[in-house]
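Trainee: Going down the list, the protein sequences come from chains A and B. Mapping of the first sequence onto UniProt numbering: residues 1 to 299, in sequence order. Mapping of the second sequence onto UniProt numbering: residues 1 to 229, in sequence order.
In short, the hints are calculated from the structure, not lab data. Source: prediction; values computed, not measured.
20 Å max Cα-Cα, derived DMTMM-like pairs, lysine to aspartate or glutamate:
(1) B:Lys110 with A:Glu209
(2) B:Lys95 with A:Glu209
(3) B:Lys215 with B:Glu53
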Amino acid sequence: MRANFIFSEVWIGLRRNLTMTIAVIVTVAVGMALLGVGLMINSQVSRLTSYWTDKVELSVYLCTDKSPFPACKNRGAVTEAEKTSLKQTIQAMPDVERVEFEDQAQAYKNFQESDSNKLLLSVTRVEDMPESFRVKLKDPDKAAAVADSLSGQPAVSRIINQRVLLDSVFGFMGKLRNMALGVAILMVFAATLLIGNTVRLSAYNRRRETGIMRLVGASNIYIQLPFVMEGLIAGLIGGVFAGVLLIITKILVFEGIQMYMQNPIGWDTVAGVITLTMVIGVLICVLASFITLRRYLRV
Amino acid sequence: MIHFDNVTKVYANQNRPALDHVSVDVDKGEFVFLVGPSGSGKSTFLRLVLKEERPNSGSIHVAGKDLARLSNFKVPHLRRRIGCVFQDFRLLPNKNVYENVAFALEVIGKPRRFIRKVVPEVIELVGLEGKAHRMPEELSGGEQQRVAMARAFVNRPMILLADEPTGNIDPATSIGIMKVLDRINRTGTTVLMATHDAAIVDSMRKRVVELEDGKIVRDQSRGVYGQAY
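Construct all of the structure, not just a fragment, from the sequences and the given hints.
Mentor: Here it is as structure tokens:
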């Protein structure tokens, strides 16, 4: 096998089909970048899930003097006796790890820190804030069951399951991931067709050479290799571009949301994703060239 | 060297066979003319030898190999032992004489040192010494056919197939081409030449196999093109 012969043939082939080659590179780059983004979102979601599952709490809000919730209709604020009995009930539940009480002053402080609506802040008084129990569970998956059994208790106005809030965030990220993967599949499909066309053009351009090669007894691999290499090189360049796009995505998007989400994906994950997308990109290109060759290059 | 036993070839979508129960033996070192009108089956015969086509029935042996049993994987190796020359030369227009001949060795993976040694030798053998760096378009038809013959012969094949090699060349130049073919034949290479050219066949006095409608109608050693001409 004479490497420089193959490479000069590949170089000529790529240059002759420059526009097609560029189209292949761009499609592969965008397709593989989207695939990578999908994988990165996926790994981000699983990291967030494992980070948050042992931090999820149930918030059991108690009635205040003028609670608008139906459970507090026709009754006043929660009494000390009710608080004590409720705390005992919660602590007695087998799934509960610990219970903490949040009084009105603490709730007001937390509210001031988390809400930026000035007008709302200025009219809210400490007495408006509800008291609550913060319930930490042994098994976060039991949250719904515990919430159900507590919702009928006297003086309980409302129960917020943080798990539900997280699930909606994860659900949104899951949709983003599916969209990225869906578009990636379309791009891969387009790339396959483009490569097929490129190889067809290339085979037509070089039909004289391949005809003579066949005639003088060049082996199939010698005849086909330049075409497959063209696909491989286009796929590789596209993969490099996809890698650059993924690094930019990591810096601009994933580092950007770091302030909202603890535990962002690290560079090791990005490196893994880039390697995987490159391998897939190159494999698709080589496979597409090879399959088209069988059709357009009689050997 | 070439052995056809009761070979029939019918192309798809055609009723009449291109070759009809043909049996022929060509020995090593022979020079054989394959003559007959257009459509008589000459080209089909050559394509069968190269295993570009498969016969519908009958068996073909080339260089000791049964082509029916030769796997596709090994066909390139068969073709390395067969040189081919065509009416239309089939040279690469963007390569010069030397590169055109060297191409045939490059693509079968021969080392460059070997190529540098044998290509000038074969260019000299076909009478093109001093023209190694000309481009095909700068050469006459006869000279281009010499390049094609150099390319066909450079790997020292056991068999040389020539399909109307003088078809595009004037009679005076054709004589030169035939001299080269004769020279190649004298090195021990079996030459099988399909032709229309009665003058050439008559002047060479070699074995003549005549095909008509896919059948062999004459097989004559030291023959002429035909009584009718």
